[in-house]
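With chain A's structure known, arrange chain B on it following the hints.
Here the protein sequences line up with chains A and B, keeping their order.
Add 78 to the 1-based position in the first sequence for our numbering, that's all there is to it.
Add 78 to the 1-based position in the second sequence for our numbering, that's all there is to it.
Derived by calculation from the structure, the hints in this document are not laboratory data.
Watch out, some of these pointers could steer you wrong.
Taking lysine-lysine pairs in the DSSO-like style, the calculated list, with each CA pair at most 27 Å apart, reads [said to hold, decoys possible]:
hint, chain 1, residue 1, chain 2, residue 2
1, A, K104, B, K346
2, A, K263, A, K233
3, A, K178, B, K152
4, A, K355, B, K346
5, B, K152, A, K355
Number of protein chains: 2
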Amino acid sequence: MSVNTEEIPYDFELERLVEELKGVKKVLIQLPDGLKKYSYFIVDSLSRSLGNIEIMVSIDGGYGACDLKISEAKLLNAEALIHFGHTQYSLQEVPIESGKLRIIYVPAFYRGSIPESSVDDLAEALKREGLQRPSIVATVQHIRLIGELKAMLEKRGFHPIVTSPGRLLTGQIIGCDYSAVILSKEADSVVVITGGLFHSLGVSLSFEGPVFQIDPYSGRVGDLRKDKERWLKRRLAEMYRARDSSRWGIIVGTLTGQYRPSIVERLKREISSRGMKYYLFASSVLSKDNILNIDSENIDAYIVTSCPRIPIDDFTESPLHKPVLTPGEAISVLEGRIEVYRFPW
Amino acid sequence: MSVNTEEIPYDFELERLVEELKGVKKVLIQLPDGLKKYSYFIVDSLSRSLGNIEIMVSIDGGYGACDLKISEAKLLNAEALIHFGHTQYSLQEVPIESGKLRIIYVPAFYRGSIPESSVDDLAEALKREGLQRPSIVATVQHIRLIGELKAMLEKRGFHPIVTSPGRLLTGQIIGCDYSAVILSKEADSVVVITGGLFHSLGVSLSFEGPVFQIDPYSGRVGDLRKDKERWLKRRLAEMYRARDSSRWGIIVGTLTGQYRPSIVERLKREISSRGMKYYLFASSVLSKDNILNIDSENIDAYIVTSCPRIPIDDFTESPLHKPVLTPGEAISVLEGRIEVYRFPW
Numbered sequence: 079m080s081v082n083t084e085e086i087p088y089d090f091e092l093e094r095l096v097e098e099l100k101g102v103k104k105v106l107i108q109l110p111d112g113l114k115k116y117s118y119f120i121v122d123s124l125s126r127s128l129g130n131i132e133i134m135v136s137i138d139g140g141y142g143a144c145d146l147k148i149s150e151a152k153l154l155n156a157e158a159l160i161h162f163g164h165t166q167y168s169l170q171e172v173p174i175e176s177g178k179l180r181i182i183y184v185p186a187f188y189r190g191s192i193p194e195s196s197v198d199d200l201a202e203a204l205k206r207e208g209l210q211r212p213s214i215v216a217t218v219q220h221i222r223l224i225g226e227l228k229a230m231l232e233k234r235g236f237h238p239i240v241t242s243p244g245r246l247l248t249g250q251i252i253g254c255d256y257s258a259v260i261l262s263k264e265a266d267s268v269v270v271i272t273g274g275l276f277h278s279l280g281v282s283l284s285f286e287g288p289v290f291q292i293d294p295y296s297g298r299v300g301d302l303r304k305d306k307e308r309w310l311k312r313r314l315a316e317m318y319r320a321r322d323s324s325r326w327g328i329i330v331g332t333l334t335g336q337y338r339p340s341i342v343e344r345l346k347r348e349i350s351s352r353g354m355k356y357y358l359f360a361s362s363v364l365s366k367d368n369i370l371n372i373d374s375e376n377i378d379a380y381i382v383t384s385c386p387r388i389p390i391d392d393f394t395e396s397p398l399h400k401p402v403l404t405p406g407e408a409i410s411v412l413e414g415r416i417e418v419y420r421f422p423w
Numbered sequence: 079m080s081v082n083t084e085e086i087p088y089d090f091e092l093e094r095l096v097e098e099l100k101g102v103k104k105v106l107i108q109l110p111d112g113l114k115k116y117s118y119f120i121v122d123s124l125s126r127s128l129g130n131i132e133i134m135v136s137i138d139g140g141y142g143a144c145d146l147k148i149s150e151a152k153l154l155n156a157e158a159l160i161h162f163g164h165t166q167y168s169l170q171e172v173p174i175e176s177g178k179l180r181i182i183y184v185p186a187f188y189r190g191s192i193p194e195s196s197v198d199d200l201a202e203a204l205k206r207e208g209l210q211r212p213s214i215v216a217t218v219q220h221i222r223l224i225g226e227l228k229a230m231l232e233k234r235g236f237h238p239i240v241t242s243p244g245r246l247l248t249g250q251i252i253g254c255d256y257s258a259v260i261l262s263k264e265a266d267s268v269v270v271i272t273g274g275l276f277h278s279l280g281v282s283l284s285f286e287g288p289v290f291q292i293d294p295y296s297g298r299v300g301d302l303r304k305d306k307e308r309w310l311k312r313r314l315a316e317m318y319r320a321r322d323s324s325r326w327g328i329i330v331g332t333l334t335g336q337y338r339p340s341i342v343e344r345l346k347r348e349i350s351s352r353g354m355k356y357y358l359f360a361s362s363v364l365s366k367d368n369i370l371n372i373d374s375e376n377i378d379a380y381i382v383t384s385c386p387r388i389p390i391d392d393f394t395e396s397p398l399h400k401p402v403l404t405p406g407e408a409i410s411v412l413e414g415r416i417e418v419y420r421f422p423w
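So that you can see chain A by itself, here it is in the shape it has in the complex (with noise of 0.2 Å):
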């Protein structure tokens, strides 16, 4: 085995999944991609500690709990379904029909903690604006460290707010679900503890104010203004480009928890009212070589209700020839009010 597990930088909670697995014969796991690689070591561990059970890695996606591999899990006949790296989604729409399959959430914990200097830079950056209250939100691989972070702040002479979102944990994120910021209503500023751009763009679009993300990975603290700027703009340019459409393609997603029937009919009711017309689309995984094999003149233009990040995160920077917009964006364009940007949904 390649893997130290003192390398292993997140908490993969084997201790329960060992108790929570006794008896069972077959189990099929997820993971993010970015997690995939420790596969091999958990299902060594697994394997050692269970003896004759049977494991399979899921080698799909995996992008979020909204992509549960329920389905799958059934044809294999396994009795559970352990997803890393997310917790139960909080958007789902329709009910997850799992039978006597069971679902077990590992969250993935980060097990490192925030350098010091870090905390510096950050409080010199809200310092300098001025700032007194951020609300601090996280990804759930980080989300043990918020309370990390406040205690940090406040000996610096802050006043961190952390947000319930309700269906998530305590300051919890995930890509398409920014209640945490959206409710922080006394926040002046929002600092987010994720690496990566995919969920400090998510916060900096659903909060009017300065953003800035602690990257607990190299330390680096970053401001979102900039990101949100051009990433906007473009998103905007995307939404002129489909003020004359009257022909839509509705792109309907199929994963789990990405069927949303209301946003559905919402754009459907909104698209009939004003005479225009829309062509239905299913959709697990979403391409653009899977939306070119279907676009013909009869469309103007795309609305993906599936997942609100795949036209901003795969159709922004280099977009189809044809606009592919999200529920929140072909409302405005729809109304006439492309000045109106409603992030993610």
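Structure of chain B alone, referenced to chain A:
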């Protein structure tokens, strides 16, 4: 509507569909990529005849009847799933649990016919080698041309053979089932009616003697022996590359028809009985990236049990840095008989 019915070279059996769909409120349509451009014509025609019906078009792959979008249709509350371009899947290992969902296959028969000049070319090619008894096979789109070609060859003095493989239509082949070829014991050659290389390559890998292709679109007659030789050499090289492997990744298919527990169990036994190790991976639509995400020094070679065409068609021209084999290839390697090429299983 941009497509003229006269221009559509396939029979979508819309009158039958209108009959079968009476009273149905919601339907999901699947088409292979090549037929997706006709989806607007199909949707508009059915909507016009059936009025208050909601039609969704799947924009996912649609590789065959092994890939029935049943869980998607159920999630969407569709009452019927129309699967264009294929017939019921012949190699289904586990029962299809469709419940109340009605599955309707529309083979999409080709409307054209084979030009006399093509048959002349074919007759000449056969005569040149003294071939008298070609077995005629076709993909489902062109199955109606088999009888036509048979009569045309008989008129020219040949004795064509057409075989009923039992679980498919008479003379039919699909990407992973060439029973119609394998059961044509008395044939001295095979003629396959199809466009493209995919099915004709499959035929050539399934038959010892000469294989000819008639492309009904271009009218071109081709000899497959060169293609076979080139492809086979590369596959044997891939098997050679896997000969010292002792840690195997078995990739298990999770599309409805691509779960093949019998083959997975066989491979597990073959590997374990030799004191070797395996890891199990579950996959719906396999890509190189999906393999690379889980690749590690724990694995020497991969075996794809979902669809035997994936290693051949996707990993022959530009192979991965590790061998990716079909089950048949893997068995030969495990038995130490690399020279034996088993296809498709």
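Inset, instruction - Please work out if A:K355 and B:K346 have their alpha carbons no farther apart than 27 Å. - result: violated, 53 Å
Inset, instruction - Decide if the proposed pair is consistent with the structure: B:K152 and A:K355, CA atoms, cutoff 27 Å inclusive. - result: It holds: about 25 Å lies between the C-alpha atoms, which stays within 27 Å.
Inset, instruction - For the pair we were handed, A:K104 and B:K346, check the Cα-Cα distance against 27 Å. - result: Holds: A:K104 and B:K346 sit about 15 Å apart, inside 27 Å.
Legend entry - Holds or violated: A:K263 to A:K233, with C-alpha atoms at most 27 Å apart: With Cα atoms ~23 Å apart, A:K263 and A:K233 stay inside 27 Å; holds.
Legend entry - Distance restraint between A:K178 and B:K152, which requires alpha-carbon spacing of 27 Å or less: holds, 18 Å
In this structure, the one hint that does not hold is number 4.
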